[in-house]
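Undergrad: Sequence:
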Amino acid sequence: LHDLLSDQITEDKLRAEIGSDLEPDDDELQSFYDQNVDSFRETEASHILIEQKSQASKLATQLQKAKSGEVEKLFGQLAREFSEDPGSGEQGGDLGFFSSGQFVPEFEQAADELSLGEVSDPVQSQFGFHIIRVTDRRFQSFEQVRDQIAQELGGAEAEEAYQEFVQDAYEEADVRVNPRFGELDPETQQIVNASAEDTPGAEEPDEAPQPEEGGEPPATPPAEE
14 LHDLLSDQIT EDKLRAEIGS DLEPDDDELQ SFYDQNVDSF RETEASHILI EQKSQASKLA
74 TQLQKAKSGE VEKLFGQLAR EFSEDPGSGE QGGDLGFFSS GQFVPEFEQA ADELSLGEVS
134 DPVQSQFGFH IIRVTDRRFQ SFEQVRDQIA QELGGAEAEE AYQEFVQDAY EEADVRVNPR
194 FGELDPETQQ IVNASAEDTP GAEEPDEAPQ PEEGGEPPAT PPAEE
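The sequence shown lines up with residues 14 to 238 when you count with this note's numbering.
It should be emphasised that the hints constitute simulated quantities derived from the structure, not laboratory data.
We put the CB at the ideal spot given by N, CA and C, even for glycine.
Hints are not guaranteed to be accurate.
Calculated cross-link-like contacts (lysine-lysine; reagent style BS3-like; alpha-carbon spacing at most 30 angstroms) [to be verified]:
#1 Lys80 <-> Lys66
#2 Lys86 <-> Lys71
#3 Lys86 <-> Lys66
#4 Lys66 <-> Lys78
Cβ-Cβ distance ranges computed for the label pairs, FRET-style [stated by the list, open to error]:
#5 Gln164 <-> Ala79: 15 to 25 angstroms
#6 Gln139 <-> Arg93: 16 to 26 angstroms
#7 Leu129 <-> Lys78: 40 to 50 angstroms
#8 Phe110 <-> Asp47: 42 to 52 angstroms
#9 Asn49 <-> Asn191: 17 to 27 angstroms
Please construct the entire structure, taking both the sequences and the accompanying hints into account.
TA: In structure tokens form, the structure reads like this:
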């Protein structure tokens, strides 16, 4: 155990040292933000969670037929009265702003397809049927997500640099493997292609006993209880 911990500590220190000089600069961070700005979009929505589809359909129809100026108030009233999500139900269905990955895919996909103020048909998920209304959309600013981007980019670059270091170290060390054990895969640095007949200690399976000529086949051993 001591050796394993020592090896892990050594590896962690090596990774940290290699990655210390690989912090992305502001231009790289801004470029990543610009190319992936959609992933930093936030949506504000409300929902009513109902267990039975028939009831969810009735409520959705009632909301969709309501006058535009009355929908927000009516949605809140129905959420407080019928929603089976106690957290948001008490808030009139309000979920606040959320980003991608916070809710189940079915919910987020339906929300993405709605226009502002539009009420969805019932959307089924593992929790029941959601009636969704999107109230706003916005993008997180570069400054808000700068540290997050730096961590993601820095981690990816550090891992790539570490793998290159290990690859070069193996090549310079001229690691050789006894053919009886297989051969070294230069990509994974793992020993592969060791066949059973070449592996020390491997035994061939015993052949099943054959019946004597004219005799009965050997009895099958009883199954274990």
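Undergrad: Which hint numbers does the structure go against, in order from smallest to largest?
TA: Hints 5, 7, 8, 9 are the ones this structure does not satisfy, whereas the remaining hints hold.
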